[in-house]
Amino acid sequence: MHDSRTLSEIIRNIGDKIGTAQDLPRIAHSNWREEVIVTYCVGQGKFSSGDQFAPPLAFINLQMDMYDLHGKWLGFQLGVHESQSTVPDLLAVWPPSAPWTAPPVPHPEVKEWTKGIWTFEDGSEIHAVGPAQSHLVPFNDGSFLFMVTTGQTITNGTGRYAGCHGTKQATGTAFVPAGLIQSGKFPAPGITFTARTLEVFRILKKKDLGQETLNPTPAKAP
Amino acid sequence: MSTQTLRGSFEELAARIGGWPEIPKDAYTDPREELIYRYSVGTGKFVAQDGKNYIEITTKLYKLNGDLDGHYEGVDEPVVDLRELLKRPSPPRPPFDEPSGPVDHVPVLSYSKGIWTFADGSSIYAIGPANLHTVQYVDGAHNLWVTANQLIVGGSGRYHGCQGTKIVAGSSWVPKGVPLDATNPFSVKTIEGFRVIRKEHIGTMPSA
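Chains as they are written, first to last, in this note's numbering: chain A, 1 to 222; chain B, 1001 to 1208.
Quick caveat, the hints were computed from the structure, so don't treat them as lab data.
In this text the structure is predicted, and so the values were computed from the model without any measurement.
There could be a bad hint or two in this list.
Unchecked claim - As a list, the in silico DSBU-like pairs of lysine-lysine whose alpha-carbon atoms are at most 30 Å apart:
(1) A/Lys111 to A/Lys207
(2) A/Lys206 to A/Lys72
(3) B/Lys1176 to B/Lys1025
(4) B/Lys1087 to A/Lys205
(5) A/Lys111 to A/Lys185
(6) B/Lys1176 to B/Lys1045
(7) A/Lys72 to A/Lys185
(8) B/Lys1025 to B/Lys1063
(9) B/Lys1176 to A/Lys206
(10) B/Lys1052 to B/Lys1087
(11) B/Lys1025 to A/Lys185
(12) A/Lys206 to B/Lys1087
(13) B/Lys1199 to A/Lys205
(14) A/Lys206 to B/Lys1045
(15) A/Lys72 to B/Lys1063
(16) B/Lys1060 to B/Lys1176
(17) B/Lys1087 to B/Lys1045
(18) B/Lys1176 to A/Lys205
(19) B/Lys1199 to B/Lys1045
(20) B/Lys1060 to A/Lys205
(21) B/Lys1025 to A/Lys72
(22) B/Lys1087 to A/Lys207
(23) B/Lys1176 to A/Lys207
(24) A/Lys185 to B/Lys1060
(25) B/Lys1052 to A/Lys111
(26) A/Lys111 to B/Lys1199
(27) B/Lys1176 to A/Lys111
(28) A/Lys205 to B/Lys1052
(29) A/Lys46 to B/Lys1025
(30) A/Lys46 to A/Lys206
What the hints assert, rightly or not - Some but not every residue of chain A turned toward chain B, in silico, with C-beta under 10 Å:
(31) Ser48
(32) Ser49
(33) Ala98
(34) Ala132
Note that CB positions come from ideal geometry on N, CA and C, so glycine has one too.
Bound conformation, chain B alone (with noise of 0.2 Å):
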């Protein structure tokens, strides 16, 4: 039997005992990486600013176990059509079991930027392309998702001066008859991923 299959099974029986487990020790590269999963329930709202369409999000910040952790505001940019986020691209080539080209390039659809703050009030700032996607259902009506890769540039409390990297998986459910673009508010949830170095980590950068 092997260790990693030992503490696999305290890590899920410790699962049992006290809900949700913490993000088990094999997903960390280094222990000076903090690993966070969250999830976020709010709503978005269309704004027009400056000739520009933006959409606002306000959400509430949960453990994965359901606890209320604090809270999520961000801005996204669309800077296509909202009609073309029904498009996505096309599939990907051959090979995907070496090094090698070609990956297609993937045009970037928003932008966005946002501000996890956590319980004790301490928070995350990060800024990354989004993509878009939107679909139809089959009662007619619709889902508007958000796929982001953003970099960690700050913090506050705890954060203060951390780096990273995050991801955001959001996801918007649109009743039937409502324009995609409607000006009010609608449901947001996401999922919300974040590796972190804390400031007491990072050291010097090297020199040119």
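With the rest of the complex left out, here is chain A (with noise of 0.2 Å):
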């Protein structure tokens, strides 16, 4: 008997048979209101041009599927970083600051900032900002990982997430071919290359949240 089914098909069937793979533990959610989507995208990137690109100063724009940890589609999203890190700021490694355990903490001085816009398969979207770190690594083949690190704020939503709250986080790299940074040519204007996140979101929908935060009291007048 012919069996039309791909590969991939038959594969799913046979995990469907086995069960049911495990979700992320309700434990690491803050209570049972809070949402909690944990995320890799993958897209590209590119370098801003003309008067956007004046080094240090520099724009990425991504857009990027967004997939759950067992490659389901999500989404997408649309995002800007701004840098005004040099390369050698990129380069550096901040100097440790134990003890790990109690103060000071460090207080690095932040030259990148981000922009975004989550959209997910229902057409709910997730808007937010933050400050962010890049950072080069040098392999020692001569390549490069050029690595961005950003902790944000969900600002606003629409959909299933209008009036929400909530924070998200990404850390992305994408590579960097040898040659390319010891001659001077990343960043460069125009310039495009893969990029691949992961991305984590925590979230309050509007019902959940009280008049403190739904109706915050104007600040009185002195």
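Since each chain comes alone in its own frame, lean on the hints to assemble the complex.
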């Protein structure tokens, strides 16, 4: 008998008979009202050009697909990263700050910021902004890994996320072939690259929020 | 059928046999980077030292399948009045589909550092800004979030001499009636994402 199923479908059928993969344990949530989404994203980054590329000032646009950790497509993101970091800034490794369990805490200067919109399969959006930090790591074959990390605050949302509050975080990388950093060709205006990120959302929906958050008291005039 | 789809199906099958999957290969830029997701559960408490307030954090670290995998200790230093945490930044302005501004320069509300020690005793150290945001629940309780972007500045054991980046998604539920800065220990839940390059893969810095 001819079986028209693809190999991928057959593998999924085997998986269905074995059982369902685990979700993030509930204990990792603050409480039962909090929604936590753990993802990775794959897409393209593009550096700015023209008057938007004036080193150390540069912008990067990210356009990426978003997946859960089982590879299921969740949606996409559009974002912009502004960097005022020099290449020496990116190569620097900050000095350690032991003891790690007690003050003081270093205050590294922030020279990078991000904004973005994450759109889910049903069209609902999350908008967020936050500071960022990039880092260049030299591999021993002369290539580099361009790394970015950002801690964002959710500013608003649409659809099922209208009026939500929360935070999100991302850390992503892109490969820089050997020779580009050494010859001053990275970053360069208009160049594109493949970007891959890990992203986490912690969200509280509007219906779970109290008046102190929904209708904050305006500051009194002095 | 694409190779990527077939690989995704095998990864999903592996997940169902063995529990939570490791992070899919599509999330890796290069095989020399190591990607780690962990969650942690523990407590935080406010402490005062030299006229400043700090949050000291002590948690146990778990793989996403629930297996214990070490512990995390850290310190957060808020640099604004805690009442400021009820506010949040303005929504971002377009464009979002091209590499250009404006991008608002969101201020940093706190700074963080920490040590993440894994089950084999190897550890990772990291430092970075950590913004904070607080909301009130409909029942009068509060939630305090920490959103940190950190640089890995070193490590020990298998992570000796490593570099990389990491994120912290911290969340604390504060019962109704308990002040946000109460000195009693409060619940801390975090999700930690690491991108690590071990020392054996790191080359020399380019000359000036």
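Hints, one by one, checked against the model:
1. Taken as a hint, the A/Lys111 and A/Lys207 pair is broken in the structure, with Cα atoms around 36 Å apart against an allowance of 30 Å.
2. In summary, the hint linking A/Lys206 to A/Lys72 is supported, as the alpha carbons are separated by about 26 Å, within the 30 Å threshold.
3. Restraint check for B/Lys1176 and B/Lys1025: the C-alpha separation of about 43 Å exceeds 30 Å, so the hint is violated.
4. Proposed proximity of B/Lys1087 and A/Lys205 is supported: the alpha carbons are some 16 Å apart, at most 30 Å.
5. A threshold of 30 Å between alpha carbons decides the hint, and for A/Lys111 with A/Lys185 the separation of about 21 Å falls inside it, so the pair holds.
6. Restraint check for B/Lys1176 and B/Lys1045: the C-alpha separation of about 17 Å stays at or below 30 Å, so the hint holds.
7. Our distance criterion of 30 Å between C-alpha atoms is broken by A/Lys72 and A/Lys185, whose separation comes to about 36 Å.
8. Between B/Lys1025 and B/Lys1063 the CA atoms are separated by roughly 17 Å; this keeps the pair inside 30 Å, and the hint holds.
9. With a C-alpha separation of about 18 Å, the suggested pairing of B/Lys1176 with A/Lys206 holds against the 30 Å cut-off.
10. Note on B/Lys1052 and B/Lys1087: the hinted pairing holds, with a Cα-Cα distance of about 21 Å set against a maximum of 30 Å.
11. Between B/Lys1025 and A/Lys185, the direct Cα distance comes to roughly 28 Å. Compliance with the 30 Å bound is thereby established for this hinted pair.
12. A distance of roughly 15 Å separates the Cα atoms of A/Lys206 and B/Lys1087; the hinted pair therefore holds under the 30 Å criterion.
13. Between B/Lys1199 and A/Lys205 the alpha-carbon distance is near 43 Å, which puts this suggested pair outside the 30 Å criterion.
14. For the hint linking A/Lys206 to B/Lys1045, the alpha-carbon distance of about 28 Å falls within 30 Å, and the restraint holds.
15. About 20 Å separates the Cα atoms of A/Lys72 and B/Lys1063, which keeps this hinted pair within 30 Å; it holds.
16. Proximity of B/Lys1060 to B/Lys1176 is assessed by CA-CA distance (about 26 Å); at most 30 Å being required, the pair is judged to hold.
17. The suggested pairing of B/Lys1087 with B/Lys1045 holds, with an alpha-carbon distance near 22 Å, which does not exceed 30 Å.
18. For the proposed pair B/Lys1176 and A/Lys205, the alpha carbon gap of about 19 Å is at most 30 Å, so the pair holds.
19. Among the hinted pairs, B/Lys1199 with B/Lys1045 is inconsistent with the structure: their alpha-carbon atoms are about 34 Å apart, more than 30 Å.
20. Simply put, B/Lys1060 and A/Lys205 have alpha-carbon atoms about 28 Å apart, close enough for the 30 Å limit, and the pair holds.
21. The hinted pair formed by B/Lys1025 and A/Lys72 meets the criterion: a straight-line CA distance of about 14 Å does not exceed 30 Å.
22. For the hint linking B/Lys1087 to A/Lys207, the alpha-carbon distance of about 18 Å falls within 30 Å, and the restraint holds.
23. Between B/Lys1176 and A/Lys207 the alpha-carbon distance is near 17 Å, which keeps this suggested pair within the 30 Å criterion.
24. As the CA atoms of A/Lys185 and B/Lys1060 are separated by approximately 44 Å, the hinted pair breaks the 30 Å bound.
25. About 25 Å separates the Cα atoms of B/Lys1052 and A/Lys111, which keeps this hinted pair within 30 Å; it holds.
26. Using a Cα cut-off of 30 Å, the hinted pair A/Lys111 and B/Lys1199 holds, with the two alpha carbons roughly 27 Å apart.
27. Restraint check for B/Lys1176 and A/Lys111: the C-alpha separation of about 38 Å exceeds 30 Å, so the hint is violated.
28. At most 30 Å may separate the alpha-carbon atoms for a hinted pair to count; A/Lys205 and B/Lys1052 exceed this at roughly 33 Å.
29. At most 30 Å may separate the alpha-carbon atoms for a hinted pair to count; A/Lys46 and B/Lys1025 meet this at roughly 23 Å.
30. With a C-alpha separation of about 35 Å, the suggested pairing of A/Lys46 with A/Lys206 is violated against the 30 Å cut-off.
31. Residue-level restraint check for A/Ser48 holds (minimum Cβ-Cβ distance to chain B is 4 Å; threshold 10 Å).
32. Satisfaction of the interface hint for A/Ser49 is found here, the shortest Cβ-Cβ separation to chain B being roughly 8 Å, below the 10 Å cut-off.
33. Restraint check, A/Ala98 versus chain B: the minimum CB separation of about 8 Å is within 10 Å; hint holds.
34. The restraint placing A/Ala132 at the interface with chain B holds, with a minimum CB-CB distance near 6 Å, inside the 10 Å limit.
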